[in-house]
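Next come the chains, spelled out residue by residue.
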Amino acid sequence: AQTVTQSQPEMSVQEAETVTLSCTYDTSESDYYLFWYKQPPSRQMILVIRQEAYKQQNATENRFSVNFQKAAKSFSLKISDSQLGDAAMYFCAYRSGAYNQGGKLIFGQGTELSVKP
Amino acid sequence: KAGVTQTPRYLIKTRGQQVTLSCSPISGHRSVSWYQQTPGQGLQFLFEYFSETQRNKGNFPGRFSGRQFSNSRSEMNVSTLELGDSALYLCASSSTSLAYNEQFFGPGTRLTVL
Numbered sequence: 059a060q061t062v063t064q065s066q067p068e069m070s071v072q073e074a075e076t077v078t079l080s081c082t083y084d085t086s087e088s089d090y091y092l093f094w095y096k097q098p099p100s101r102q103m104i105l106v107i108r109q110e111a112y113k114q115q116n117a118t119e120n121r122f123s124v125n126f127q128k129a130a131k132s133f134s135l136k137i138s139d140s141q142l143g144d145a146a147m148y149f150c151a152y153r154s155g156a157y158n159q160g161g162k163l164i165f166g167q168g169t170e171l172s173v174k175p
Numbered sequence: 041k042a043g044v045t046q047t048p049r050y051l052i053k054t055r056g057q058q059v060t061l062s063c064s065p066i067s068g069h070r071s072v073s074w075y076q077q078t079p080g081q082g083l084q085f086l087f088e089y090f091s092e093t094q095r096n097k098g099n100f101p102g103r104f105s106g107r108q109f110s111n112s113r114s115e116m117n118v119s120t121l122e123l124g125d126s127a128l129y130l131c132a133s134s135s136t137s138l139a140y141n142e143q144f145f146g147p148g149t150r151l152t153v154l
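The listed protein sequences correspond, in order, to chains A and E.
Heads up: the first sequence begins at 59 in the working numbering, then just goes up one per residue.
Heads up: the second sequence begins at 41 in the working numbering, then just goes up one per residue.
Worth flagging that the hints you see were computed from the coordinates, not collected in a lab.
Just so you know, not all the hints are guaranteed correct.
[To be verified] Take a look, some chain A residues computed to stay more than 10 Å from chain E by CB distance:
#, residue
1, S88
2, S134
3, P175
[Unchecked claim] Beta-carbon label-pair distances, calculated as ranges:
#, chain 1, residue 1, chain 2, residue 2, range
4, E, T152, A, P98, 18 to 28 Å
5, E, Y140, A, S86, 40 to 50 Å
6, E, A42, A, P175, 30 to 40 Å
7, A, E119, E, T54, 23 to 33 Å
8, A, S86, E, P101, 40 to 50 Å
9, E, T152, A, E110, 19 to 29 Å
10, E, Q81, A, T118, 26 to 36 Å
11, E, Y140, A, N125, 30 to 40 Å
12, A, S86, E, L123, 47 to 57 Å
13, A, K113, E, S119, 35 to 45 Å
14, A, T118, E, S119, 23 to 33 Å
15, A, A129, E, Q57, 23 to 33 Å
16, E, G43, A, E170, 18 to 28 Å
Virtual Cβ for every residue (Gly too), placed ideally from N, Cα, C.
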């Protein structure tokens with residue numbers, strides 16, 4: 059069975075600084091997708107960034123980028139130029155590419171990020 | 041385009057009762073997934089429906105069930121409620137059931153079991 063582990067329950071960053079959130083996963087599959095989701099307090103979960111396992115190039119979305127190390131099964135999220143609005147719970151998630159797995163997302167326990175002004 | 045909506049937003053029930061939660065996906069989306077979020081267990085997958093068929097089911101007891109209607113709206117039902125069922129229940133919709141499609145989450149239904 060696949061598992062996702064986020065070893066940092068809480069992280070803090072100064073506004074305008076850079077922070078990296080860690081995520082490791084375990085799978086025997088070769089076809090899968092990895093995601094970072096953001097859940098602000100009392101607000102809806104939104105997708106931050108997505109990485110296809112077959113792509114070697116790390117995904118980037120504006121200030122958000124990932125460091126995808128497939129052999130190490132590591133998938134960290136880097137937030138550059140942190141803003142107050144980045145404060146939220148961040149979840150790392152795994153999704154199998156197998157057709158019979160459908161839409162099932164497997165989530166890590168989350169990392170609560172606070173941003174200091 | 042309207043987002044995923046969930047009703048009701050808050051519910052208080054007592055042990056032994058049953059509850060039905062509703063999820064309306066984004067227009068045109070045919071896949072709806074349900075998740076339970078608790079402080080202790082985190083986010084756990086309940087089940088997914090696509091075109092009125094359950095495609096996948098998580099490791100939850102049979103008290104948890106769901107269905108999807110022809111307009112893609114989905115309901116989940118929990119019978120014989122237990123205190124441990126208190127949670128935020130999230131639904132997410134996607135255009136298809138394929139892995140690369142983004143799932144869009146609703147605001148959730150906060151269920152409290154007394």
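Structure-based check of all given hints:
1. For S88 (chain A), the shortest C-beta to C-beta distance to chain E comes to about 13 Å, beyond the 10 Å cut-off, and the non-interface label holds.
2. With a least beta-carbon separation of about 19 Å from chain E, S134 (chain A) lies farther than 10 Å from that chain, consistent with its non-interface assignment.
3. Here P175 (chain A) stays apart from chain E, with its beta-carbon at least about 27 Å from theirs, past the 10 Å limit.
4. For T152 (chain E) paired with P98 (chain A), a C-beta distance near 22 Å keeps the hint of 18 to 28 Å intact.
5. Taking 40 to 50 Å as the suggested C-beta distance range, the pair Y140 (chain E) and S86 (chain A) does not conform, at roughly 20 Å.
6. Hint check: A42 (chain E) to P175 (chain A), Cβ distance near 34 Å, so the stated range 30 to 40 Å holds.
7. Take E119 (chain A) and T54 (chain E): their Cβ atoms lie about 45 Å apart, and the range 23 to 33 Å is violated.
8. As the Cβ distance of S86 (chain A) to P101 (chain E) is approximately 28 Å, the hint placing it in 40 to 50 Å is violated.
9. Here the CB-CB span from T152 (chain E) to E110 (chain A) is close to 39 Å, at odds with the stated 19 to 29 Å.
10. For Q81 (chain E) paired with T118 (chain A), a C-beta distance near 32 Å keeps the hint of 26 to 36 Å intact.
11. A beta carbon spacing of about 20 Å between Y140 (chain E) and N125 (chain A) contradicts the range 30 to 40 Å that was offered as a hint.
12. Taken as a hint, the range 47 to 57 Å is violated for the pair S86 (chain A) and L123 (chain E), whose Cβ atoms sit roughly 36 Å apart.
13. Distance hint check for K113 (chain A) and S119 (chain E): the Cβ-Cβ separation is about 44 Å, which falls inside the suggested range of 35 to 45 Å.
14. Distance hint for T118 (chain A) and S119 (chain E): a CB-CB separation of about 46 Å, inconsistent with the stated range 23 to 33 Å.
15. Checked against the hint of 23 to 33 Å, the pair A129 (chain A) and Q57 (chain E) fails, with Cβ atoms roughly 50 Å apart.
16. Taking 18 to 28 Å as the suggested C-beta distance range, the pair G43 (chain E) and E170 (chain A) conforms, at roughly 24 Å.
In terms of the numbered hints stated before, the structure departs from hints 5, 7, 8, 9, 11, 12, 14 and 15, listed from lowest to highest.
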